[in-house]
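2 protein chains.
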Amino acid sequence: MSAELKGLDASRRGMMLGSAALLFAPMWLAGVAPAIARTGGAASVAREIPAHRLPVPDTISAELRPVVGAPLPPGWDAIPGSDEAWRSLVKATSEGAGPALEAIRQRLGVRLERSRIAGVPVFISTPDPLPKANRDRLLVHFHGGGYVLFPGEIGAGEGMLMAGYGRFRVISVDYRMPPDHPFPAALDDALAVWKSLLAEHDPSRMGMFGTSAGGGLTLATLLRAKAEKLPLPAVIAPGSPWVDLQGQGDSILANQFTDNSLVSFEGWVGAAAKLYAGSADLADPLISPIHGDFAGLPPAILTSGTRDLLLSDTVRTHRKLREAGIDAALQVFEAQSHAQFLTPFVPETAEAFGEIARFFDRHLAA
Amino acid sequence: MSAELKGLDASRRGMMLGSAALLFAPMWLAGVAPAIARTGGAASVAREIPAHRLPVPDTISAELRPVVGAPLPPGWDAIPGSDEAWRSLVKATSEGAGPALEAIRQRLGVRLERSRIAGVPVFISTPDPLPKANRDRLLVHFHGGGYVLFPGEIGAGEGMLMAGYGRFRVISVDYRMPPDHPFPAALDDALAVWKSLLAEHDPSRMGMFGTSAGGGLTLATLLRAKAEKLPLPAVIAPGSPWVDLQGQGDSILANQFTDNSLVSFEGWVGAAAKLYAGSADLADPLISPIHGDFAGLPPAILTSGTRDLLLSDTVRTHRKLREAGIDAALQVFEAQSHAQFLTPFVPETAEAFGEIARFFDRHLAA
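Chains as they are written, first to last, in the working numbering: chain A, 17 to 382; chain B, 17 to 382.
I should point out that these hints are in silico values taken from the structure, not numbers from a laboratory.
Hints may be right or wrong, so weigh each one.
What the hints assert, rightly or not - Which chain B residues stay away from chain A? Per the calculated CB distances, all over 10 Å, these:
no., residue
1, P87
2, S98
3, T142
Stated by the list, open to error - Far from chain B, some chain A residues (derived; all Cβ distances over 10 Å):
no., residue
4, P66
5, A86
6, S98
7, P137
8, D144
9, L203
10, A296
11, A299
12, A351
13, A382
To be verified - With the C-beta cut set under 8 Å, the calculated list includes, among others, these residues of chain A facing chain B:
no., residue
14, V61
15, E64
16, A67
17, R69
18, D204
19, E350
Note that the Cβ used here is the ideal one computed from N, Cα and C, for glycine as well.
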């Protein structure tokens with residue numbers, strides 16, 4: 017130990033070691049950490065994060081501030097105790113969004129039609145006008161909502177945002193969900209629509225996207241299409257994709273309560289995972305696509321927020337795509353909780369969809 | 017209100033609204049949020065994050081686990097009370113890394129030489145062998161350490177990692193620092209080296225990088241070079257760049273104590289900002305480059321971690337580069353705190369530098 021180091025008090029000495037660890041983790045190199053690992057101690061080290069106050073930062077748009085500053089949604093920790101309770105919840109949540117959909121329709125210039133493809137109900141969002149460059153292009157969309165919420169028109173909301181901000185034609189798949197139709201019903205519907213579209217459309221002109229459960233379903237659909245040797249879309253955009261229904265990602269705990277959207281896996285989110293999987297294994301790659309083989313997947317752009325409970329799901333997916341050699345872009349928005357890049361009409365949402373649209377434009381055939 | 021909704025208890029109804037807010041923020045659309053904004057209430061809404069336990073996740077490599085699971089560095093909250101105390105700290109922290117540098121030298125095959133460029137001391141890291149494709153390419157590196165720590169050889173550690181993992185020749189600038197030399201001494205040294213290199217090297221074959229303060233200094237150097245109408249490097253890699261020395265980013269508070277590297281802006285980090293700025297304004301774009309004009313900056317790849325105290329600094333920089341139309345890539349590593357992608361010899365570090373090296377290779381002239 018140097019004379020200077022000896023002359024300092026214990027706290028100062030500790031600071032030095034800590035600061036040096038910043039860049040070179042000398043304790044690690046010196047063998048301390050391997051020693052911890054050998055004793056099995058490392059696996060059990062958990063830290064206590066103290067309670068703290070989290071204000072709304074000045075680093076977001078004025079329009080987004082009320083969303084970031086909103087209190088936790090009351091009931092985030094209420095878990096429906098029966099199929100009937102889930103059904104009531106689903107029905108009620110789907111009823112609340114009429115004004116939001118109408119506002120998107122009007123302000124972003126989007127037409128919405130109901131239809132069916134391969135027997136599966138779909139909603140078709142068409143921007144008016146539809147740019148000439150996008151006339152032969154088509155996007156397939158899967159809505160979020162934990163594989164339980166948002167059947168019907170509300171599920172087309174994100175598709176309408178994409179049509180409005182990105183000026184693409186979008187088909188939103190109103191896939192079957194639990195409690196009546198657990199896994200693999202949603203995936204079966206997704207595949208049925210994809211197969212049907214392949215009969216009439218060039219896959220090089222088709223993209224696929226969705227947020228949260230919709231991002232997970234996008235990836236699961238590709239994994240299954242790959243297994244069935246079907247052509248894949250040319251580009252995808254999984255938004256904060258729910259790819260680990262076991263909830264193993266670090267941000268599931270690190271961003272707990274920091275995220276004011278999903279709040280916690282201990283609430284309805286974790287319960288929805290079990291409801292969706294039914295008797296299947298949560299670790300099945302078609303349920304938790306993070307465990308799948310990403311080789312050969314199309315270029316992907318992923319979106320998340322710094323407070324997102326699924327930030328880890330997002331960055332793990334990004335890393336795994338990159339490891340598989342896929343052209344994968346990541347965008348993370350300041351202070352946003354889960355899926356808040358879908359907040360209509362705030363500048364950050366226009367920016368997020370602008371990026372996605374440019375990425376799609378680059379990868380879709382003309 | 018529907019009959020179903022009426023039939024549910026208050027908590028269940030709240031849950032519905034909360035869940036719907038997930039995708040469509042109907043409260044926002046319904047005018048509640050604008051009302052909050054009008055009363056100025058939104059600015060003052062802060063949430064209380066409860067204390068919680070943060071374990072080491074299973075979603076990182078075994079080699080990284082001891083780093084992620086390490087306790088807070090003792091002394092993170094000790095702020096040196098005098099110039100002499102800062103000097104003692106700086107000297108002691110620089111002495112601890114000998115074995116780390118030696119290990120990098122041996123395991124990654126890197127030669128290290130001291131030299132001077134334009135009177136500024138530098139360290140030159142050369143991979144052995146140096147790939148033919150990189151013979152005429154050169155990277156300029158600025159070390160981190162809050163603009164206070166890591167003068168001398170230890171500051172070349174990240175440069176050696178880049179030389180080792182990326183197989184590029186790297187010049188690490190041993191720039192002057194406070195307390196003896198506050199802003200703009202570091203920037204003056206950075207500019208002097210850059211100008212001198214321009215006399216002998218094609219800027220299209222040069223890149224620039226650095227982490228934390230080194231990432232901020234990379235951007236500040238470009239802003240000043242741009243103002244002086246000097247050519248810019250072809251590509252940059254700001255790692256978790258310290259671009260906001262006022263500490264306004266959301267993760268500064270959201271990831272406080274979650275980050276076990278910097279821990280908190282309330283500790284020596286915030287003190288270092290003031291020490292560096294001296295009598296200058298912390299908001300000066302040459303001190304806090306996030307306030308600068310990013311138009312015309314070169315392609316950039318940014319690296320951070322989900323627990324990083326400077327995650328917001330990183331993503332704000334990424335977004336601002338993208339808004340300026342720059343080809344900017346973002347990579348965020350699972351569960352890593354500030355600058356932990358520099359931990360030598362763990363798989364994630366090879367991955368991070370592998371990505372940076374590929375990005376550089378794509379943008380540097382042959």
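Among the hints numbered above, which are violated by the structure, and what are their numbers in rising order? 1, 4, 5, 12 and 18
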